[in-house]
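**Q** Each chain is listed here by its residues.
Protein chains: 2
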Amino acid sequence: MYIKGNILNVITDEIYPGEIHIEKGKIREIREVNKDFNNIIVPGFIDSHIHIESSMLTPSRFAEIALKHGTTSVVTDPHEIANVMGMEGIKYMIDDAKTAPLNFYFTAPSCVPTTTHETNGAKITIDDIEELLSRDDFVALSEVMDYESVLNNDSEIMAKINIAKKLNKPIDGHAPLLTGKKLQKYIRAGITTEHEATSRREVAEKKRLGMKIMIREGSESKMLEEFVREKCDFIVTDDFKADDLIKGHIDVILRKAVDLGMDPFDALKLVTINPAEHYNINAGCIAPGRNADLVFIDNLEDFNIKRVIINGNTIFKKQKLLYRANPKLIDTTMNVSFKPASAFDLKANNPECKSATVNVVDVMDNVIVTGRTTAKLNIEHGNIIPSVYNDILKVSVVERYGGNNIFNGFIRGFGLKNGAIASSVAHDSHNIITVGTNSKYMADVTNKVISNNGGLAATSNRDSINLALPIAGLMSNKSALSVATTSQKLNDFVNDMGCPLVNPFSTLSFMALPVVPSLKVTDKGLFDVDNDKMIDVILHED
Amino acid sequence: MYIKGNILNVITDEIYPGEIHIEKGKIREIREVNKDFNNIIVPGFIDSHIHIESSMLTPSRFAEIALKHGTTSVVTDPHEIANVMGMEGIKYMIDDAKTAPLNFYFTAPSCVPTTTHETNGAKITIDDIEELLSRDDFVALSEVMDYESVLNNDSEIMAKINIAKKLNKPIDGHAPLLTGKKLQKYIRAGITTEHEATSRREVAEKKRLGMKIMIREGSESKMLEEFVREKCDFIVTDDFKADDLIKGHIDVILRKAVDLGMDPFDALKLVTINPAEHYNINAGCIAPGRNADLVFIDNLEDFNIKRVIINGNTIFKKQKLLYRANPKLIDTTMNVSFKPASAFDLKANNPECKSATVNVVDVMDNVIVTGRTTAKLNIEHGNIIPSVYNDILKVSVVERYGGNNIFNGFIRGFGLKNGAIASSVAHDSHNIITVGTNSKYMADVTNKVISNNGGLAATSNRDSINLALPIAGLMSNKSALSVATTSQKLNDFVNDMGCPLVNPFSTLSFMALPVVPSLKVTDKGLFDVDNDKMIDVILHED
Chain Y
1 MYIKGNILNV ITDEIYPGEI HIEKGKIREI REVNKDFNNI IVPGFIDSHI HIESSMLTPS
61 RFAEIALKHG TTSVVTDPHE IANVMGMEGI KYMIDDAKTA PLNFYFTAPS CVPTTTHETN
121 GAKITIDDIE ELLSRDDFVA LSEVMDYESV LNNDSEIMAK INIAKKLNKP IDGHAPLLTG
181 KKLQKYIRAG ITTEHEATSR REVAEKKRLG MKIMIREGSE SKMLEEFVRE KCDFIVTDDF
241 KADDLIKGHI DVILRKAVDL GMDPFDALKL VTINPAEHYN INAGCIAPGR NADLVFIDNL
301 EDFNIKRVII NGNTIFKKQK LLYRANPKLI DTTMNVSFKP ASAFDLKANN PECKSATVNV
361 VDVMDNVIVT GRTTAKLNIE HGNIIPSVYN DILKVSVVER YGGNNIFNGF IRGFGLKNGA
421 IASSVAHDSH NIITVGTNSK YMADVTNKVI SNNGGLAATS NRDSINLALP IAGLMSNKSA
481 LSVATTSQKL NDFVNDMGCP LVNPFSTLSF MALPVVPSLK VTDKGLFDVD NDKMIDVILH
541 ED
Chain S
1 MYIKGNILNV ITDEIYPGEI HIEKGKIREI REVNKDFNNI IVPGFIDSHI HIESSMLTPS
61 RFAEIALKHG TTSVVTDPHE IANVMGMEGI KYMIDDAKTA PLNFYFTAPS CVPTTTHETN
121 GAKITIDDIE ELLSRDDFVA LSEVMDYESV LNNDSEIMAK INIAKKLNKP IDGHAPLLTG
181 KKLQKYIRAG ITTEHEATSR REVAEKKRLG MKIMIREGSE SKMLEEFVRE KCDFIVTDDF
241 KADDLIKGHI DVILRKAVDL GMDPFDALKL VTINPAEHYN INAGCIAPGR NADLVFIDNL
301 EDFNIKRVII NGNTIFKKQK LLYRANPKLI DTTMNVSFKP ASAFDLKANN PECKSATVNV
361 VDVMDNVIVT GRTTAKLNIE HGNIIPSVYN DILKVSVVER YGGNNIFNGF IRGFGLKNGA
421 IASSVAHDSH NIITVGTNSK YMADVTNKVI SNNGGLAATS NRDSINLALP IAGLMSNKSA
481 LSVATTSQKL NDFVNDMGCP LVNPFSTLSF MALPVVPSLK VTDKGLFDVD NDKMIDVILH
541 ED
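Listed in order, the protein sequences are those of chains Y and S. So in this note's numbering the end of the first sequence lands on 542, straight run, no missing numbers. So in this note's numbering the end of the second sequence lands on 542, straight run, no missing numbers.
Watch out, some of these pointers could steer you wrong.
A pair counts as met if it fits within one copy or between any two copies, since identical chains are not told apart.
[Stated by the list, open to error] Cross-link-like lysine-lysine pairs, in silico, DSSO-like; alpha carbons within 27 angstroms at most: (1) 417 <-> 448; (2) 26 <-> 166; (3) 185 <-> 35; (4) 247 <-> 318; (5) 181 <-> 35; (6) 440 <-> 123; (7) 26 <-> 181; (8) 185 <-> 26; (9) 91 <-> 166; (10) 185 <-> 4; (11) 185 <-> 24; (12) 354 <-> 306; (13) 231 <-> 354; (14) 306 <-> 440; (15) 24 <-> 165; (16) 91 <-> 165; (17) 123 <-> 185.
Just so you know, the hints here were simulated from the structure itself, not pulled from any lab data. Fair warning: this is a prediction, and the values are worked out from it, not measured in the lab.
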């Protein structure tokens, strides 16, 4: 196949009219020609850090939309499904990904389970890491989020890191707010990337110490505007929802980057040659021998996608997508029985007391770290009662791997007036997390999630909406549009219930992630991330 | 150990006063301090493409000087000794290198023998390549100089390339003047670097096609001035003689680069972080966990070396070098008997003729490519006689691996008036090459080289000088100063004999290299590189 257009070279920062000869999925030859063309051919975009599960779509369903937007490769960490189903889950992702034309490169989940502070569904062992990293389609050791283990020279995490070093594969980092001596120790272990930075100061420190910085511009965390002038190395989405995906992917981010003043060649490097070099992916620039992953765009401001070629096959052209996904379903992973409302009651230590002062997780919109606060709540019939007026609601984590743990605590920021929401997407162990105004509603939504084999649910005094995610409780087998539509309905419904958060379920999904500061809930209790210990919900009762 | 100074960061382009904590040979921590310092601490320099043998020094003897000049790592291709002694030679290099504090990283010689157009001493097989590339100290497949084999899809070279790909190690290139479709095919094979470019146009084409460009600034080929504004990737020396080494190494090149207008941070990147990234070397920037390879310099114009730390050990300080080399000798590799003068006669086909028109290798000073010309020479007593007046001298290649081949031809440019020179350093097979005004002198110098177990020799009607290179006929066990002094004496002597070349022996050493255009001599005959075939010396006789 021969294609023609204005070829953009991300190495030499040139655009020149040319013809590309494609053979057996690779670029065979490039020839400069003397013609005028309207379109620009750029290397296919690479999202170099994404958890596909967070889109609530399977890889093939994700591909169905992402490739229309010029994404031709992703480096994906199947960390979420690994936490639910271990190697079997990772193999589901590989197999489903293979049915799609998009190039899926995987990283081997380094921290499954993430910590011992919660119950998850499976363990990825040192041997599993060796098996995965020996594969050609596994390009790195996934983000080492359990930085405490690195700081403590834990033998298991060090063994995993050493396997990656031995196999010449890079090691991704995840150390939000880590600084000073601790950060230096973390980097010393051989960890080379960071996508969790949230300030220019953090970027500066980490860059200076040799880390490559990923600008995260995902559904929740959006750092592009802040870091646009920081000379970072990659742009990634990390977590990217179907709702956002249907509007675009890397193309939208490039448009925003240029709009914010970034040179378009510089912006393109962050999603082409830079990740290709770092992860040893045979793409990222238009050069002989590289995968023929090519995208026709209209110009360097709008980045409108005219045509997409992946591995030499035209997969999107004239607004027509030449691929349809058909992902397989799997057996349920919800190993938990229906819960009575009483399971969500939070008993006072002393039922005689009138009130309890409690630790409260303090939600911040659009960032995955939480604050912490305290609240004084009434005790009625021996139970500590949430204060809808003060937006102190109940939050519970229902373990779903057969152990029957349940933890009940308090949270501020969800703003529900009368109802509850629940989700089996709850990083990283993906137990069922629910926030509500009373135990009855919380039991209802939790049981709905269970009966759907996983998913999201919301209920109020007026209505109930749910989204089934039967694949590991994380993903739908439906299309992005279908998932996004239901998800958007759920969002609107929850906002109507009084929730001021932009993305209530995304925010909810991070409330149980005990590796991100500062106060989180797990099925085992209330976890003080900053001090690395469980703390009591109740401070004192009066 | 703690060291202090103005720390130069090649990633962030900053200089800030700081303290570096070194532990177990690695950088443990870096701390910014509030003090004034005179010196700048920079990452140790990396020469990312060098054949140590070309210095005529062993690795340990090379290190003895290079580290005084701030070189802390080299990526070296033991291609020369491999051509003489195969794996045994490579192991000599590894073992000798280990006795020195400098970090020697090796590449696995991909083309030994280089071609079938000459006789060499050994073969590096596909299995050898696998054995070498599986080692941690082997960081790449060496320059694939036999580009014709790549263009012909030769199964052996492709197997070697595939081993490198499988082991995630880069593949170095060597394709001087290769352009267009042939170049694209060469790159398509997965070859990623080029150090042979000799014009900005060549650089531009190769960069555009995805190659990383090494600016070669060696003893013979000096491209820095030409390429100083070309945004290349590395600076290397490739072939660097003891005579030059005693004056400096990368430090001198940095000084020149800055003097030519290159930004000092940009210049430093080419010899620190860039090669470290490409060859996966744990150095190249001052960051936690990296090898503590650190150099104190006075400023960013002079690059005077004040102190050198390698793997955490101070090895040079206050003009004192804290290391002395003591390389081992090995058995002779000269498997050839002494030659009579008559062996160097070039017989006419028809002794009745008066003259012969012959093909002549046309030497150009300071580049390793040759031109070609013809000359009409007298026939006397059945022999074709060189013309000293017209500077058409005889050139012979004496095979030294037990096969007794000898080839006699003609060369222009050496300018000798009365005498001969010979060398067992003759890329890439390292047979004995000699240029002279008559057969008697040529036999004398050749036999001197043989009796020295290899080396260089020159003789005239007035005097004789020689340099023994008993290690594979390539290297001395003596110090750089000793080798350089004798080498310089030889040079001056040969210049006094009428030779106008700046480096007669270096130029001589490339006359038998049949992978560099355009006309070369080997023990098997006169090789037309451009047309990939042997041609006759004699065009016609009259």
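**Q** Each hint: holds or not?
**A** Consistency of the hints with the structure:
| no. | hint | verdict |
| --- | --- | --- |
| 1 | 417 <-> 448 | within (20 angstroms within a copy, 100 angstroms between copies) |
| 2 | 26 <-> 166 | between (29 angstroms within a copy, 18 angstroms between copies) |
| 3 | 185 <-> 35 | between (55 angstroms within a copy, 25 angstroms between copies) |
| 4 | 247 <-> 318 | within (17 angstroms within a copy, 64 angstroms between copies) |
| 5 | 181 <-> 35 | between (57 angstroms within a copy, 20 angstroms between copies) |
| 6 | 440 <-> 123 | neither (34 angstroms within a copy, 80 angstroms between copies) |
| 7 | 26 <-> 181 | between (46 angstroms within a copy, 15 angstroms between copies) |
| 8 | 185 <-> 26 | between (42 angstroms within a copy, 12 angstroms between copies) |
| 9 | 91 <-> 166 | both (23 angstroms within a copy, 22 angstroms between copies) |
| 10 | 185 <-> 4 | between (50 angstroms within a copy, 20 angstroms between copies) |
| 11 | 185 <-> 24 | between (46 angstroms within a copy, 14 angstroms between copies) |
| 12 | 354 <-> 306 | neither (66 angstroms within a copy, 74 angstroms between copies) |
| 13 | 231 <-> 354 | neither (56 angstroms within a copy, 74 angstroms between copies) |
| 14 | 306 <-> 440 | neither (51 angstroms within a copy, 75 angstroms between copies) |
| 15 | 24 <-> 165 | between (32 angstroms within a copy, 19 angstroms between copies) |
| 16 | 91 <-> 165 | both (23 angstroms within a copy, 24 angstroms between copies) |
| 17 | 123 <-> 185 | within (25 angstroms within a copy, 46 angstroms between copies) |
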